[in-house]
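Enquirer: In case you want the letters, here they are:
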Amino acid sequence: MHLKRVIPCLDVDKGRVVKGTNFVNIRDAGDPVELAAHYDREGADELVFLDITASHEARNTIVELARRCAEELFIPFTIGGGIRSEDDVRALLRAGADKVSLNSAALKDPGLIEACALRFGSQCVVLAIDAKRVSAPGDTPRWEVFLNGGRIATGRDAIEWAQEAVARGAGEILLTSMDRDGTKDGYELELTRAVVQAVQVPVIASGGAGHLDHLTQVILETDADAVLAASIFHFGEYTIRQAKEHMAAAGLPVRL
Amino acid sequence: MDYGSGNLRSVQKAFEHVGFAAEVGDDPQKVRSAAGIVLPGVGAFGSAMQGLESRGLIEVLRERVEAGVPFLGVCLGLQLLFEKSEESPGVEGLGLLRGDVRRLPPGTKIPHIGWNQAEIVQDSDLFHDIPDLSAFYFVHSYVVVPARPADVLTITEYGTTFVSGVEAQNVTAVQFHPEKSSTLGLKVYENFARRVTGG
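Listed in order, the protein sequences are those of chains A and B. The numbering used here numbers the first residue of the first sequence as 1 and each following residue consecutively. The numbering used here numbers the first residue of the second sequence as 1001 and each following residue consecutively.
Fair warning: there could be bad hints in the mix.
Just the calculated beta-carbon pair ranges, DEER-fashion [said to hold, decoys possible]:
| # | chain 1 | residue 1 | chain 2 | residue 2 | range |
| --- | --- | --- | --- | --- | --- |
| 1 | A | 18 | B | 1123 | 27 to 37 angstroms |
| 2 | A | 142 | B | 1123 | 54 to 64 angstroms |
| 3 | A | 1 | B | 1147 | 32 to 42 angstroms |
Residues from chain A that keep clear of chain B, each with C-beta distances beyond 10 angstroms, as calculated [as the list claims (entries may be wrong)]:
| # | residue |
| --- | --- |
| 4 | 38 |
| 5 | 41 |
| 6 | 43 |
| 7 | 45 |
| 8 | 86 |
| 9 | 98 |
| 10 | 132 |
| 11 | 150 |
| 12 | 152 |
| 13 | 160 |
| 14 | 163 |
| 15 | 167 |
| 16 | 237 |
| 17 | 241 |
| 18 | 255 |
Just some of the chain B residues that point at chain A, by a computed CB distance under 8 angstroms [claimed, not checked]:
| # | residue |
| --- | --- |
| 19 | 1009 |
| 20 | 1020 |
| 21 | 1023 |
| 22 | 1105 |
| 23 | 1107 |
| 24 | 1109 |
| 25 | 1113 |
| 26 | 1116 |
| 27 | 1117 |
| 28 | 1139 |
| 29 | 1157 |
| 30 | 1158 |
| 31 | 1180 |
| 32 | 1182 |
| 33 | 1185 |
| 34 | 1187 |
For the record, the hints were derived by calculation from the structure and aren't laboratory data. For glycine and all other residues, C-beta sits at the position ideal for the given N, C-alpha and C.
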């Protein structure tokens, strides 16, 4: 049986994990590779590294990170953040990343999705969408794609963008609700359901996980393929194992 | 065996992690002297056969497998063992096992990406200490259809039931990626290495 995935997300700045220092059994929880190996041992199904390094000069640290991860990890991992070109994608895949996640570069040039899918295969092209609800309460819900952590509106409809990206060859959608991100109020169910129903590829729900019930809820109510979470794992509130046991108890197929 | 089809470092370091040495190479002489052979690979059936052909690896591979050298195929390395594939019509596979390779039936998301369970239908030391219905990581669009039911090692459900592992004498191959399947995937490589070394 095809299993639902639990994916911890690590924000990385200049090669260091931004959040997450609450682990007693890790020597250096600021080292993304050590933290990632810890999650692998705990039963994470996959990992996402999001590079938030601002300066261009420090960008090669992410390729080095991919290389180190490939040496230490025995689960698939995705690298996203700041990827601009086909060459960036190639460098990360050659360094050992299993997938790359495209966001603003794909919005600027949607042809990048096609180029990467053709050259490297759809299975390694993830499209990240940061969506924000723009409809008034009571109206037909509508979500728009945002850039730069929700600060810049693109005018694009999130559902249409997901469909276009999949038509262009994206193999997976990483869907973050900017309204819920950081709130711990739970995933945006309506948005997630709308995207899951609009595309034929796996959708990873992201943004808002604050409790283990949120993980089961979004899968049960939207049929998302995977749940991504950061702070509930990084700050040691819950272990991956607890999350998966909780999901299994709710009847969801997971790897234990 | 390196034949220009993907990053083989992940397979090599998986063997290293469980305490065994594995060499990556495309030299037919090295293949001839190897105690065990691993054929990994991602990409298309046709270009992989082309890659093996152009490196002069097909004959030595057939010869060593027929001589009884332990062989492990992974992902595309499983599919290449068969006679032909719908992915590359007209291209002849290695033909070490009878049967062919077909596209996953429509109605499910293709490629099949993610964790899925392997149901063990034949006793094998490759699955020593691995519980039945353990989960492994899959990335593929095509599946093997062995002509001989006795060759089936594991089966997996994804819209349909497909053969996710085969075994016939010294030849074993799996559709999933043990090198991406965490602890139990590493166990698969360890079990294969023990078969090779007799330990």
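Enquirer: If a hint holds in the structure, say so; if it does not, say that too.
Expert: Evaluation of the provided hints:
At roughly 49 angstroms, the beta-carbon separation of residue 18/A and residue 1123/B lies outside the given 27 to 37 angstroms, and the hint is violated. At about 57 angstroms, the beta-carbon gap between residue 142/A and residue 1123/B stays in the expected band of 54 to 64 angstroms. Residue 1/A and residue 1147/B have their C-beta atoms about 27 angstroms apart, which leaves the hinted 32 to 42 angstroms range violated. Residue-level check passed: residue 38/A sits 13 angstroms from the nearest beta carbon of chain B, beyond 10 angstroms.
At roughly 8 angstroms, the least C-beta separation between residue 41/A and chain B is not larger than 10 angstroms, which violates its mark as non-interface. Not every beta carbon of chain B lies more than 10 angstroms from that of residue 43/A, the smallest distance being close to 8 angstroms; the non-interface claim is violated. The Cβ of residue 45/A does not lie farther than 10 angstroms from every Cβ of chain B; its closest approach is about 6 angstroms, which violates its non-interface assignment. With a cut of 10 angstroms on Cβ distances, residue 86/A stays outside the contact zone with chain B, its closest approach being about 17 angstroms.
With a least CB separation of 7 angstroms from chain B, residue 98/A falls inside the 10 angstroms interface cut-off, contrary to its annotation. In this structure residue 132/A is separated from chain B by more than 10 angstroms, as the shortest Cβ-Cβ distance comes to about 27 angstroms. Interface exclusion of residue 150/A from chain B stands, the closest Cβ pair being 28 angstroms apart, more than 10 angstroms. Non-interface status of residue 152/A relative to chain B is upheld: no Cβ of that chain comes within 10 angstroms, the nearest being about 31 angstroms off.
The non-interface label for residue 160/A is consistent with chain B: the shortest C-beta to C-beta separation is roughly 20 angstroms, beyond 10 angstroms. In this structure residue 163/A is separated from chain B by more than 10 angstroms, as the shortest Cβ-Cβ distance comes to about 15 angstroms. Residue-level check passed: residue 167/A sits 15 angstroms from the nearest beta carbon of chain B, beyond 10 angstroms. Listed as a non-interface residue, residue 237/A keeps its Cβ farther than 10 angstroms from every Cβ of chain B; the least gap is roughly 23 angstroms.
The Cβ of residue 241/A sits about 13 angstroms from the closest Cβ of chain B, beyond the 10 angstroms cut-off, so the non-interface label holds. For residue 255/A, the non-interface assignment is contradicted: its Cβ lies about 4 angstroms from the closest Cβ of chain B, within the 10 angstroms cut-off. Taken as an interface hint, residue 1009/B checks out: its beta carbon lies about 7 angstroms from the nearest beta carbon of chain A, inside 8 angstroms. Because the smallest distance between the Cβ of residue 1020/B and any Cβ of chain A comes to about 15 angstroms, over 8 angstroms, the interface hint for this residue is violated.
Interface restraint check for residue 1023/B: the shortest CB-CB distance to chain A comes to about 17 angstroms, outside 8 angstroms, so the restraint is violated. Here the hint on residue 1105/B is broken, as its CB sits about 14 angstroms from the closest CB of chain A, past 8 angstroms. Against a cut-off of 8 angstroms between C-beta atoms, the interface hint on residue 1107/B is violated, since the closest Cβ of chain A lies about 11 angstroms away. The closest approach between the C-beta of residue 1109/B and any C-beta of chain A is roughly 6 angstroms, which is under the 8 angstroms cut-off, so the hint is satisfied.
Against a cut-off of 8 angstroms between C-beta atoms, the interface hint on residue 1113/B holds, since the closest Cβ of chain A lies about 6 angstroms away. Interface hint at residue 1116/B: satisfied, since its Cβ lies 5 angstroms from the closest Cβ of chain A, which is below the 8 angstroms cut-off. The restraint placing residue 1117/B at the interface with chain A holds, with a minimum CB-CB distance near 6 angstroms, inside the 8 angstroms limit. Evaluation of the residue 1139/B hint against chain A yields a held restraint, the C-beta minimum of about 5 angstroms falling below 8 angstroms.
Annotation: residue 1157/B was flagged as interfacial toward chain A, and the flag holds, the nearest CB pair being 5 angstroms apart, inside 8 angstroms. Nearest Cβ of chain A to the Cβ of residue 1158/B: about 6 angstroms, under the 8 angstroms cut. The hint holds. Here the hint on residue 1180/B is kept, as its CB sits about 5 angstroms from the closest CB of chain A, short of 8 angstroms. Residue-level restraint check for residue 1182/B holds (minimum Cβ-Cβ distance to chain A is 5 angstroms; threshold 8 angstroms).
Proximity of residue 1185/B to chain A holds as hinted, the smallest CB-CB distance being about 6 angstroms (cut-off 8 angstroms). This hint is violated: residue 1187/B has a C-beta 11 angstroms from the nearest C-beta of chain A, more than the 8 angstroms allowed.
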